[in-house]
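The lines below spell out each chain.
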Amino acid sequence: MTKPTNTTSHEATIADELALNPDHHEHHEHHIPKGMMRWVLTTNHKDIGTLYLWFAFIMFLVGGAMAMVIRAELFQPGLQIVQPNFFNQMTTVHGLIMVFGAVMPAFTGLANWLIPMMIGAPDMALPRMNNWSFWILPFAFAILLGSLFMEGGGPAFGWTFYAPLSTTYSNDSTGLFVFSVHIMGISSIMGAINVIVTIFNMRAPGMTWMKMPLFVWTWLITAFLLIAVMPVLAGAVTMVLTDKFFGTSFFDAAGGGDPVMFQHIFWFFGHPEVYIMILPAFGIISQIVPTFARKPLFGYASMVYATASIALLSFVVWAHHMFTTGMPVYMEMFFMFATMLISVPTGVKVFNWVATMWRGSMTFEVPMMFALAFIVLFTIGGLSGLMLAITPVDFQYHDTYFVVAHFHYVLVTGAIFSIMAAVYYWLPKWTGRMFNITLAKWHFWCSLVSVNVLFFPMHFVGLAGMPRRIPDYSLQFADFNQWISIGGFAFGLSQLIFLALVIQACRKQGEPVSDRVWDGAHGLEWEIPSPAPYHTFETPPVVK
Amino acid sequence: MQQPYEKYYVPAQSPWPIVGAVALFLIAVGAGNVVIDTTKETSGYGSILLGAGLVALLVMLVGWFKNQIDESMSGLYSAQLGRSYRQGMRWFIFSEVMFFAAFFGALFYARMISIPWLGGDSNNAMTNAVLWPQFEAMWPLLSTPNGTTTQQMEAMGLPAINTLILLVSSVTLHFAHTGLEQNKRKQLTWMLGLTIVLGCIFLVLQVEEYIHAYRDLGLTLQSGIYGNTFFLLTGFHGMHVTLGTIILMVLLGRVLKGHFTPDTHFAFQAGSWYWHFVDVVWVMLFVFVYIL
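Those protein sequence lines, which keep their order, are chains A and B. Numbering of the first sequence is given in our numbering, commencing with residue 1 and proceeding in unit increments. Numbering of the second sequence is given in our numbering, commencing with residue 545 and proceeding in unit increments.
Accuracy of the hints is not assured; some may be wrong.
To be verified - Looking from chain B toward chain A, a few residues come up when the C-beta cut is under 7 Å (computed):
| hint | residue |
| --- | --- |
| 1 | Gly626 |
| 2 | Arg630 |
| 3 | Ala650 |
| 4 | Asn690 |
By construction, these hints were calculated from the structure, which means they are not laboratory data. We put the CB at the ideal spot given by N, CA and C, even for glycine.
The task is simple: from the sequences and hints, build the whole structure.
Pasting the structure below:
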């Protein structure tokens with residue numbers, strides 16, 4: 001990621017590029033800018049990808065620290081460490097940071113690094129806007145985190161900011177929360193436009209739609225979801241703003257509105273949003289599994305159609321988040337069946353991954369370990385989702401720890417494990433060095449064990465009736481909660497191993513790797529040198 | 545994909561995105577504080593931050609567009625880059641459609657679900673009996689459950705004239721575009737100028753209508769869900785018309801400087817798409833907010 005110090009590797013870079021483009025001899029010597037301003041002014045998709053990934057990692061640690069506060073408080077029943085209002089701020093901001101500050105920027109970072117290299121493009125289609133998309137984020141989160149220090153505290157209404165908690169009963173910081181979400185949304189929409197335009201317009205000759213790597217496909221569909229629903233979120237926060245500060249009554253029955261309307265608008269955004277956080281993960285797993293099974297992906301076309309089906313269905317299932325908030329029975333039936341339908345394309349994916357491994361020459365390098373953990377644990381999260389989809393059963397589970405267990409299985413062992421798998425898979429390509437495999441294995445096993453100690457017992461306390469978002473609980477939940485907290489602290493500490501590993505990798509420690517890095521790896525990004533040169537594919541390669 | 549290869553222009557470093565990010569930061573913090581201060585009737589530094597942010601945003605826009613225009617005029621852009629810009633603009637307009645969809649959604653939800661239910665429809669007889677037994681469901685909601693009353697904004701006065709104005713403006717802009725494509729610069733200039741004038745008249749009449757609503761009808765932002773959807777939908781539309789008019793003014797300035805050719809005029813195309821989009825939103829507004 002810094003200028004190659006080694007002349008031979010730089011020469012090799014140029015030679016390789018010429019080898020890729022034998023009929024094009026013009027090559028510009030590129031000067032890689034140095035210092036702080038390189039990162040502030042950059043238009044390079046690799047720099048911006050790195051920025052996104054580091055930002056996401058820092059936010060992951062910040063949001064994780066908040067989770068530690070939550071677990072410390074819940075270690076024992078009764079109020080021990082924090083007051084309820086602060087506890088609520090922690091659950092709220094933990095959720096907001098992990099969704100908008102960690103998972104989404106991490107996927108965008110991967111998209112920035114990988115999509116141009118995978119489709120043979122010189123950069124993202126709109127490089128300056130790309131920089132703008134990134135740099136909005138640190139400011140947006142500075143506002144959100146800063147609001148925690150305001151008089152009366154930060155947002156305390158849950159990441160879903162249901163009215164009237166966010167209107168009638170919220171504190172002043174709501175004003176800042178709303179505008180911070182607005183600029184996050186601007187960032188996401190611009191990022192998504194960039195991804196779509198890059199994929200539509202920048203593919204190398206011969207890179208036809210059905211030859212695109214699945215990571216590119218899943219991101220294309222994700223970007224479409226982002227452009228469709230982030231503006232709806234902007235509308236929702238705007239109505240919260242006017243309800244709270246300007247006397248409107250969108251979410252107040254006394255003026256003809258309805259608090260339940262908030263939930264409809266929010267979840268119309270919110271459900272596609274959860275697929276925004278999982279579709280790129282499907283893409284990552286679909287890249288990694290074939291590499292280490294040494295077989296082409298089973299059912300490529302069905303993977304593409306399954307992804308598109310999940311995306312379309314995501315627009316007609318939102319009210320399954322609100323089965324208990326008041327709806328006619330026919331609507332509950334509709335949303336129940338529509339939700340259960342999603343398990344069909346998702347099942348297609350899981351079976352395709354398994355079929356890819358069937359009779360493959362499997363090896364178990366670190367990215368593959370994370371990918372396998374993803375397949376098993378994400379499926380557990382998917383199955384608890386299926387339980388929650390069943391309306392009469394959901395009446396029992398709604399707002400209990402069972403829901404918390406469900407969405408942490410799909411988001412932590414799903415989305416975040418896939419991001420870690422992706423980092424281990426492509427990090428050698430980015431830095432040119434193999435990461436510290438011993439540390440990586442420690443990271444994997446510690447995370448795998450602790451994450452299950454952390455989230456699996458949540459199913460039990462949830463089924464037994466422990467409500468979520470409460471700083472205190474009934475005595476009978478105490479034993480399980482201690483296990484959960486111990487798992488939580490262990491999972492948090494395990495991520496410091498990852499931090500150490502990534503810092504080592506960025507400091508260029510480790511053995512140099514070959515261009516292909518993993519011997520079963522296929523795709524344009526493995527044809528270029530390791531580390532990937534600052535500019536790649538300035539002349540498009542021809543894909544056969 | 546057999547056309548001869550043109551190099552895709554990847555700009556070098558640019559200062560404008562970070563200026564834009566700082567601008568949005570100042571706007572967000574400033575607007576947040578202004579909102580908080582307004583309700584608490586205290587005074588703070590919010591408006592200063594907001595103003596500084598808007599100035600920074602303006603500086604960014606001028607600087608960034610100047611860069612773009614210089615690059616374009618010096619022939620750095622390829623047909624492929626033009627496609628990137630056009631596709632980007634189309635997806636941006638799609639995001640705007642979804643933004644308005646949220647408010648139309650609120651309008652339809654109130655009309656079809658929340659107001660009928662408050663009036664006892666479906667299986668909600670007890671909701672009505674227990675909460676506001678005197679409440680009767682109606683649209684426009686001229687009397688809210690807690691007794692705020694207002695009057696209806698009539699569709700056939702200013703709103704109808706405004707509809708006509710915007711529809712005509714879309715036609716004049718289209719003639720400006722054909723003028724550009726056929727290299728009839730005079731037609732281009734006059735039709736574009738006429739469109740801007742129509743846009744301005746629309747905005748003046750819209751202000752007129754708001755004054756009428758507040759002064760004569762008692763229809764305000766606080767008049768319950770009817771006033772809420774009315775002002776947020778027309779208000780956001782008005783903001784978009786304002787932005788569209790500014791875009792067209794910049795385009796007119798560039799036309800007068802001799803920019804744009806029949807083949808390369810992305811900025812004009814984008815501005816024109818935006819204007820037509822704003823026009824379509826108005827037609828939807830006129831039907832669903834004013835007439836029905």
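Status of the hints after comparison with the structure:
Checking B:Gly626 against chain A by beta carbon gives a least distance of about 10 Å; that is not within 7 Å, so the hint is violated. The interface hint given for B:Arg630 is broken, as the beta carbon of that residue sits about 9 Å from the closest beta carbon of chain A, more than 7 Å. At about 6 Å, the closest approach between the beta carbon of B:Ala650 and any beta carbon in chain A falls short of 7 Å, and the interface hint on this residue holds. Interface restraint check: B:Asn690 against chain A, minimum CB-CB distance 4 Å, threshold 7 Å, status holds.
Of the numbered hints listed earlier, those contradicted by the structure are 1, 2.
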